[in-house]
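J.: The lines below spell out each chain.
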Amino acid sequence: MNLTAPLAALGANVLAALAMIGRVTLYAAETVSHLFRPPFYGREFMNALLHIGWLSLPVVGMTTLFTGGALALQIYAGGSRFNAEAVVPSIVAIGMVRELGPVLGGLMVAARVASSIAAEIGTMKVTEQIDALVTLSTHPMKYLTLPRVLAATLAVPVLVGVGDVVGIMGGYLVGITRLEFNAAAYLTNTMDFLETFDVVSGLIKGAVFGFIVALIGCFYGMHSARGAQGVGRATKSAVVAASVLIFAANYILTELFFSA
Amino acid sequence: MIDLIDVHKGFGPKKVLQGVNLSIQTGTSMVIIGGSGTGKSVALKCVLGLITPDRGRILLDGKDTREGDRDAFLARFGMLFQGGALFDSLPVWQNVAFRLLRGSLKRPKAEAREIAIEKLRRVGLKPETADLFPAELSGGMQKRVGLARAIAAEPEIIFFDEPTTGLDPIMAGVINDLIREIVVEMGATAMTITHDMSSVRAIADNVAMLHDGVIKWSGPVSEMDNSGDPYLDQFIHGRAEGPIEAVR
Chain A
1 MNLTAPLAAL GANVLAALAM IGRVTLYAAE TVSHLFRPPF YGREFMNALL
51 HIGWLSLPVV GMTTLFTGGA LALQIYAGGS RFNAEAVVPS IVAIGMVREL
101 GPVLGGLMVA ARVASSIAAE IGTMKVTEQI DALVTLSTHP MKYLTLPRVL
151 AATLAVPVLV GVGDVVGIMG GYLVGITRLE FNAAAYLTNT MDFLETFDVV
201 SGLIKGAVFG FIVALIGCFY GMHSARGAQG VGRATKSAVV AASVLIFAAN
251 YILTELFFSA
Chain B
1 MIDLIDVHKG FGPKKVLQGV NLSIQTGTSM VIIGGSGTGK SVALKCVLGL
51 ITPDRGRILL DGKDTREGDR DAFLARFGML FQGGALFDSL PVWQNVAFRL
101 LRGSLKRPKA EAREIAIEKL RRVGLKPETA DLFPAELSGG MQKRVGLARA
151 IAAEPEIIFF DEPTTGLDPI MAGVINDLIR EIVVEMGATA MTITHDMSSV
201 RAIADNVAML HDGVIKWSGP VSEMDNSGDP YLDQFIHGRA EGPIEAVR
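Taken in sequence, the protein lines are chains A and B. Going by full-length UniProt numbering, 30 is the number at position 30 of the first sequence; the sequence numbering is gapless. Going by full-length UniProt numbering, 144 is the number at position 144 of the second sequence; the sequence numbering is gapless.
No wet-lab data here; the hints were simulated from the structure. Some hints could be false.
With a straight-line cut-off of 25 Å between C-alpha atoms, the simulated SDA-like cross-links for lysine to any residue are [to be verified]:
{"id": "1", "chain 1": "A", "residue 1": "Lys142", "chain 2": "B", "residue 2": "Gly103"}
{"id": "2", "chain 1": "A", "residue 1": "Lys142", "chain 2": "B", "residue 2": "Gly68"}
{"id": "3", "chain 1": "B", "residue 1": "Lys216", "chain 2": "B", "residue 2": "Glu241"}
{"id": "4", "chain 1": "B", "residue 1": "Lys63", "chain 2": "A", "residue 2": "Val134"}
All chains should be modelled from the sequences, with the hints used to inform the complete structure.
T.: Below, the structure is given as structure tokens:
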């Protein structure tokens with residue numbers, strides 16, 4: 001038995017992962033560089049804004065509504081162990097705007113948007129539509145990638161903002177109907193303990209997550225292998241990679257914003 | 001005039017093009033034939049810059065295709081893709097007028113639509129087709145729309161990638177006739193790749209046979225049947241026996 005085989009396999013995987021990180025980084029740099037070089041495709045950007053932003057509102061809203069409600073129940077149950085039930089409004093608000101709003105919003109957009117972008121662009125690749133774009137003097141990065149990445153970077157913070165409000169409302173509804181909080185006192189507690197930077201940090205996270213989601217969707221779509229299986233694999237990889245990168249970016253941003 | 005000079009291209013260990021030399025005179029129709037996987041599409045994509053050759057040069061009117069303004073270079077070309085490659089998200093007329101709605105050839109929307117409808121009519125499609133989406137069209141109609149898109153900006157050079165693949169013999173004949181008519185009428189230089197010998201006879205002024213990564217034979221279509229080349233003879237007569245190995 002070759003004792004170095006497991007090490008070789010591990011090394012090959014590490015090298016493949018590093019190569020992938022390099023390719024994604026170069027792809028991101030190229031995408032950003034097109035932001036400063038015309039032509040720009042305004043109609044594509046508006047279409048992407050509609051699909052990524054407006055059409056994601058229901059799923060983000062529903063997710064954060066139920067999460068806000070569940071969070072209120074959990075904090076109440078946990079807080080009651082040391083007579084701290086009164087912290088429910090402030091903890092729900094801070095938890096939603098700092099963490100749950102951006103992360104859940106980002107994950108729901110990753111599930112909905114990264115998959116559809118990867119599948120759409122992957123199908124365009126295997127049916128030679130990307131080659132056709134090139135022969136029609138249209139740069140695929142400008143026409144397909146930049147509008148989607150820009151739209152997601154701008155739309156996801158708005159979705160996060162809406163998700164924050166809806167999530168806090170979910171906690172509020174549970175608080176006043178199930179936990180016997182006074183409605184006015186709940187709202188006062190929510191507003192008193194919330195700081196501007198709590199909200200701003202969540203919106204910045206949303207912008208970063210939006211960038212990641214669209215970029216990864218486009219990257220995997222553009223690098224899709226042939227056939228239905230290739231497109232399927234690209235779609236799955238895009239959702240998995242975008243989700244993992246959202247968690248990683250969330251940790252890094254939280255360290256940057258809030259570490260002592 | 002398009003010149004391919006000692007063009008090589010490989011994908012990993014597989015060497016697809018191994019020194020292709022070919023000249024296509026301005027205003028003529030060249031058809032490249034050869035078995036599946038012999039690199040016909042790769043050669044065509046190398047000319048357009050969709051694939052970068054590993055070695056060799058490709059010249060357009062004596063200038064290296066990798067030099068100069070890329071947009072100006074591509075504006076000289078039209079291409080009909082094997083599967084049509086129509087954009088699913090756009091209606092037919094916007095597919096046809098794609099180049100006329102953006103970039104250096106941009107026209108007002110109404111004018112672009114008018115040109116698109118005229119080109120659709122030229123390929124035998126009714127104006128009502130203009131507002132349909134590609135998914136609503138049959139395979140033959142998609143090919144015609146692809147052809148209309150290839151000629152919409154009146155390019156000097158048109159490439160046809162397997163123009164009759166997947167069509168019934170009658171529709172294939174219609175597309176072949178259309179291609180021939182349009183190329184003659186526009187005075188365009190045409191480069192077609194195909195396996196379909198009826199296409200070759202209908203479209204070609206000159207024929208080149210690609211095998212094992214090199215051009216085995218090239219000459220006028222009128223000399224094709226009496227070439228004396230064993231590879232070409234086997235291919236055009238569809239024989240299983242001969243120098244080209246047939247995998248069974």
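J.: Next pair to validate is Lys142/A with Gly103/B; report whether the Cα-Cα distance is within 25 Å.
T.: holds, 12 Å
J.: Holds or violated: are the alpha carbons of Lys216/B and Glu241/B at most 25 Å from each other?
T.: Holds. Lys216/B to Glu241/B sits at ~17 Å (cutoff 25 Å).
J.: Starting from Lys63/B, check that the Cα of Val134/A is at most 25 Å away, please.
T.: Judged against 25 Å, a Cα distance of about 20 Å means the pair holds.
J.: Given the hint that Lys142/A pairs with Gly68/B, does the C-alpha gap stay at or below 25 Å?
T.: Measuring from Cα to Cα gives roughly 20 Å; hence the hint holds.
In the structure shown, no violation is registered for any of the earlier numbered hints.
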